[in-house]
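Enquirer: So you can see what is in the structure, the chains are spelled out below.
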Amino acid sequence: MELTTKTLDLATLVTIMGDLDGSSAPRALDEILLMVKPECRIALEMTGVGYMSSIGLRAMLSLQRQTASANGRFVLVGVSQEIQDTMAMTGFGDFIKICQTLDEGLAFLSR
Amino acid sequence: MERIDIYATHQFKTFKLRPGRPYPFGANHVHGGVNFSIFSSHASFCTLVLFEKGKDVPLVEIPFRGMFLDAQTGEPFWGDFRIGNVFCMTVFDIDIENIEYGYRFDGVYQHVAKGEPGFNRFSFDNILLDPYARSVAGREVWGTPPDWNNIFPHRGRLVMDDFDWQEDRPLENKLEDLVIYEMHVRGFTAHPSSGVKYRGTFSAIREKIPYLKDLGVNCIELLPIYEFDEFDGSRIHPETGERLLNYWGYSTINFFSPKAGFAATGKSKDGTMVVDELKTTVKTLHQNGIEVILDVVFNHTAEGNEFGPTISFRGIDNVTYYMLTPEGYYYNFSGTGNTLNCNNPIVRNMVIDCLRYWASEYHIDGFRFDLAAILGRDQSGAPLSNPPLLESLAYDPVLAKCKLIAEAWDAGGLYQVGSFPAYGRWAEWNGKYRDTLRRFIKSEGGIAAELSKRVAGSPDLYRGRGTSASINFISCHDGFTLMDMVSYNEKHNYANGENNQDGANDNNSWNCGWEGPTDDQGINELRHRQVKNAAALLLTSEGVPMILMGDEVGRTQQGNNNTYCHDNELNWMDWELTQKNADLFRFFKSCVKFRQAHPVLRRADHFQYYDTSGWGYPDISFHGTRAWYPDWSENSRVLAFLLCSKQAPDDFIYVAANSHWDGLWMELPQLPADKHWHVFVNTSMQSPYDVWEVGSEPLLEEQSHFFMGPRSSIILVGR
Chain A
1 MELTTKTLDL
11 ATLVTIMGDL
21 DGSSAPRALD
31 EILLMVKPEC
41 RIALEMTGVG
51 YMSSIGLRAM
61 LSLQRQTASA
71 NGRFVLVGVS
81 QEIQDTMAMT
91 GFGDFIKICQ
101 TLDEGLAFLS
111 R
Chain B
1 MERIDIYATH
11 QFKTFKLRPG
21 RPYPFGANHV
31 HGGVNFSIFS
41 SHASFCTLVL
51 FEKGKDVPLV
61 EIPFRGMFLD
71 AQTGEPFWGD
81 FRIGNVFCMT
91 VFDIDIENIE
101 YGYRFDGVYQ
111 HVAKGEPGFN
121 RFSFDNILLD
131 PYARSVAGRE
141 VWGTPPDWNN
151 IFPHRGRLVM
161 DDFDWQEDRP
171 LENKLEDLVI
181 YEMHVRGFTA
191 HPSSGVKYRG
201 TFSAIREKIP
211 YLKDLGVNCI
221 ELLPIYEFDE
231 FDGSRIHPET
241 GERLLNYWGY
251 STINFFSPKA
261 GFAATGKSKD
271 GTMVVDELKT
281 TVKTLHQNGI
291 EVILDVVFNH
301 TAEGNEFGPT
311 ISFRGIDNVT
321 YYMLTPEGYY
331 YNFSGTGNTL
341 NCNNPIVRNM
351 VIDCLRYWAS
361 EYHIDGFRFD
371 LAAILGRDQS
381 GAPLSNPPLL
391 ESLAYDPVLA
401 KCKLIAEAWD
411 AGGLYQVGSF
421 PAYGRWAEWN
431 GKYRDTLRRF
441 IKSEGGIAAE
451 LSKRVAGSPD
461 LYRGRGTSAS
471 INFISCHDGF
481 TLMDMVSYNE
491 KHNYANGENN
501 QDGANDNNSW
511 NCGWEGPTDD
521 QGINELRHRQ
531 VKNAAALLLT
541 SEGVPMILMG
551 DEVGRTQQGN
561 NNTYCHDNEL
571 NWMDWELTQK
581 NADLFRFFKS
591 CVKFRQAHPV
601 LRRADHFQYY
611 DTSGWGYPDI
621 SFHGTRAWYP
631 DWSENSRVLA
641 FLLCSKQAPD
651 DFIYVAANSH
661 WDGLWMELPQ
671 LPADKHWHVF
681 VNTSMQSPYD
691 VWEVGSEPLL
701 EEQSHFFMGP
711 RSSIILVGR
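First to last, the sequence lines map onto chains A and B. Residue numbering for the first sequence follows the working numbering, starting at 1 and increasing by one per position. Residue numbering for the second sequence follows the working numbering, starting at 1 and increasing by one per position.
This is chain A alone, in the form it adopts within the complex (with noise of 0.2 Å):
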């Protein structure tokens, strides 16, 4: 798994290419964290990621609360229609803001 990191106008867009596992989600949520900030706006670019595991949905659950509690903003783009799937069937998905792209993730960041 790999994370990049770009600044954008309107919000952090970070990258993620792997899978999103017990070994991975928790070094990925580390990092990202460190970019939650007071009305921080984070945009994570999915489509690198195949496969995202119970762990992985529990550290994207975590990111969002804490962009929240941060008065912040948090949203997934580009995921799969299967870890969409996953995310609605477990539940998750009730409580993370999912966008079909990065232009609509932005939109929502900025409202």
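Since the hints were derived computationally from the structure, they do not count as laboratory data. It is possible that part of the hints are untrue.
Label-pair restraints from in silico Cβ distances [claimed, not checked]:
1. A:Ser23 with B:Tyr23: 28 to 34 Å
2. B:Asn349 with A:Gln100: 19 to 25 Å
3. A:Ser23 with B:Glu61: 19 to 25 Å
4. A:Ser110 with B:Ser234: 41 to 47 Å
5. B:Glu75 with A:Gln100: 57 to 63 Å
6. A:Ala68 with B:Lys646: 41 to 47 Å
7. B:His237 with A:Ala107: 56 to 62 Å
8. A:Ser23 with B:Arg3: 23 to 29 Å
9. B:Phe307 with A:Gln100: 52 to 58 Å
10. B:Asn349 with A:Ala107: 55 to 61 Å
11. A:Ala68 with B:Ile6: 56 to 62 Å
12. B:Asp56 with A:Ala107: 48 to 54 Å
13. A:Ala107 with B:Met1: 42 to 48 Å
Away from chain B, derived, C-beta distances all over 10 Å, residues of chain A [what the hints assert, rightly or not]:
14. Thr7
15. Thr15
16. Met17
17. Arg27
18. Ser53
19. Asn71
20. Asp85
21. Phe95
22. Thr101
23. Leu102
24. Leu106
25. Ser110
All figures in this text were calculated on a predicted structure; none of them were measured in a lab. Where a beta carbon is used, it is the ideal one built from N, C-alpha and C, also for glycine.
Based on these hints, arrange chain B on the given structure of chain A.
Expert: Coordinates of chain B only, in the frame set by chain A:
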């Protein structure tokens, strides 16, 4: 302040350890690691066997007693991780998603060979599933043929128990307010016509919630969802070549784990995900006002008799978990090979722990206990007058609001319908209700008197326990569907590969003139009418109605009354029936609405049979073709009852059932001057005139008499 138990004290190879905690049993997260705890009262030695997910050979086997290294100094020293009869250790730094676990046990007893009777069946060759495992690997995708050479086919998995329920909690609806829908998780949506994305899964139930709400049921009762092996007893049909499976699932492998093969996420091989999916399903059902009852099977396990497989219990502590004859054979009160020793204190605690777990961790609303009479037998099989397990469940603080429903008989001949030890808490599947209703509907004479008790909540069986002690049903998974009950005189079980010898012979069914499917319009119309007659009585009876999945749309099993082994159209709900038999669905739905609209049909207590309302009418009265004169004779095939309540909008409800092959004029009881009879149901009429919307029932033109067609029912409302 940092805890001081987050540091290892021992080391085995590369694994850091410390003595564990005996409670809770199972594999539980602790800071930095996992606490493994398992009980055996007769084993002398135990090892924890850890596998990397899916690997053939163990990653490590850690003994609970032996030489270890000091985790700080590296010096060797002796360790014994056991308190009492509980082997317990904490293992640090485990990748919980990637580990599968089991145990080996040994004892100082003579080895008992497979097929031979015996008491302790320890064998260090076997790797055993933890009875308290929260998730089981091995059968994650339904129907995928297993690797029969796997040395450890059913493996424990670790799960996270941190699901976010938000505001959800068990609904705690009154039992008498429920309309139960008995269904099989896979059968509900496995048919291609279901139109769902992940057929046959927990998640697919969520997609069908609008259907359940439209029907009006507020409780689903799921056939077993504890982990079982669909390939248990699997065989090829000798004539058709079809593979037959353990489809119903009444053969538990593990009591704490959901059936992974019922989860769309099962293919992920991630135990927590399966758990999350089921919890999300329950949560969504609750959000829609639908309770969840589980059909639980504590009377036996999948390990069978002396010849059965060693999966878990028998290799851990055979004499504790199973009832054994003095010679060491398995008692077989379940009819499946063995009998769980539920009134042994250890096993009793396991059952209680299990139900508490499902009630608290999964927010399950209630439990229906398969062959529950077994739970009242002592360790030698004799019925107990005060069974400790049943009493403990009745008074358990965590289960205090859960529905407890007994199938009050067993395969050993103990029949306790009406006499099940209830402790003010237990309800029963009322087998006598089923039999009486069926006999009446098939036009058997002389049933009116008994029918009068069944529709009144069976006061002869349950007075003092309340009407909700009676779970009323005419059909269930075991036996004919309702449509088959009116389409077949005899069972047709050849598809089961047992030469039609299996399944019950006393079906109390009548085929309406032709055995099986027919193009005869008259017969088909009569069958629909008979189904509606059954629904009308079921949904106006005091007690708790239970509808079998698909009966509301005329689902057929082609005359098979024991479809335990079919993963095919025999058991799958055909959703095209919702269109084909739309009249039945509309009828059921309307009757459910009627029941919900009239509290008098959902009384908690039994009728008093005198005027309790001040209207000048008894709370319930019975009638025949002449008002106030019920016909209890041997030739009688008609019964009417009048309910009178002071609580609007009930006022007066009149239900009449005519199972005679001729039409009958019914004299109607006279209402108070300002009230008039309105027709809610007349099954003689074709749809849509067979049932009316609640509140818009048309005025009956002739108020003193009503002509009932042959084999028909009417429901009138006086207002």
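Enquirer: I want to verify a distance hint. Is the separation of the beta carbons of Glu75 of chain B and Gln100 of chain A within 57 to 63 Å?
Expert: For Glu75 of chain B and Gln100 of chain A the Cβ distance comes to about 60 Å; the hint holds.
Enquirer: Quick check for students: does the CB of Ser53 of chain A sit more than 10 Å from each CB in chain B?
Expert: violated, 5 Å
Enquirer: Is 19 to 25 Å respected by the C-beta to C-beta distance linking Ser23 of chain A and Glu61 of chain B?
Expert: holds, 23 Å
Enquirer: Determine whether the non-interface label on Leu106 of chain A survives the test: each CB of chain B must be over 10 Å from its CB.
Expert: It holds; Leu106 of chain A is separated from chain B by about 27 Å at its closest Cβ, greater than 10 Å.
Enquirer: Range hint 28 to 34 Å: satisfied by the CB atoms of Ser23 of chain A and Tyr23 of chain B?
Expert: holds, 30 Å
Enquirer: With respect to the beta-carbon atoms only, verify the hint that Ala68 of chain A and Ile6 of chain B lie 56 to 62 Å apart.
Expert: Violated, at about 29 Å.
Enquirer: Hey, is Thr101 of chain A genuinely clear of chain B, shortest beta carbon separation above 10 Å?
Expert: holds, 23 Å
Enquirer: Indicate whether the distance between the beta carbons of His237 of chain B and Ala107 of chain A respects the range 56 to 62 Å.
Expert: holds, 59 Å
Enquirer: With respect to the beta-carbon atoms only, verify the hint that Asn349 of chain B and Ala107 of chain A lie 55 to 61 Å apart.
Expert: Since the Cβ atoms of Asn349 of chain B and Ala107 of chain A sit about 56 Å apart, the hinted range of 55 to 61 Å holds.
Enquirer: Could you say whether the range 41 to 47 Å given as a hint is met by the Cβ separation of Ala68 of chain A and Lys646 of chain B?
Expert: Roughly 53 Å apart at Cβ, these two residues miss the hinted range, so it is violated.
Enquirer: Is 52 to 58 Å a correct range for the gap between the Cβ atoms of Phe307 of chain B and Gln100 of chain A?
Expert: With a Cβ separation near 57 Å, Phe307 of chain B and Gln100 of chain A satisfy 52 to 58 Å, so the hint holds.
Enquirer: Would you say Leu102 of chain A is clear of chain B, with no C-beta pair closer than or equal to 10 Å?
Expert: holds, 26 Å
Hint check: violations occur at hints 2, 4, 6, 11, 18, 20 and 21; the rest are consistent with the structure.
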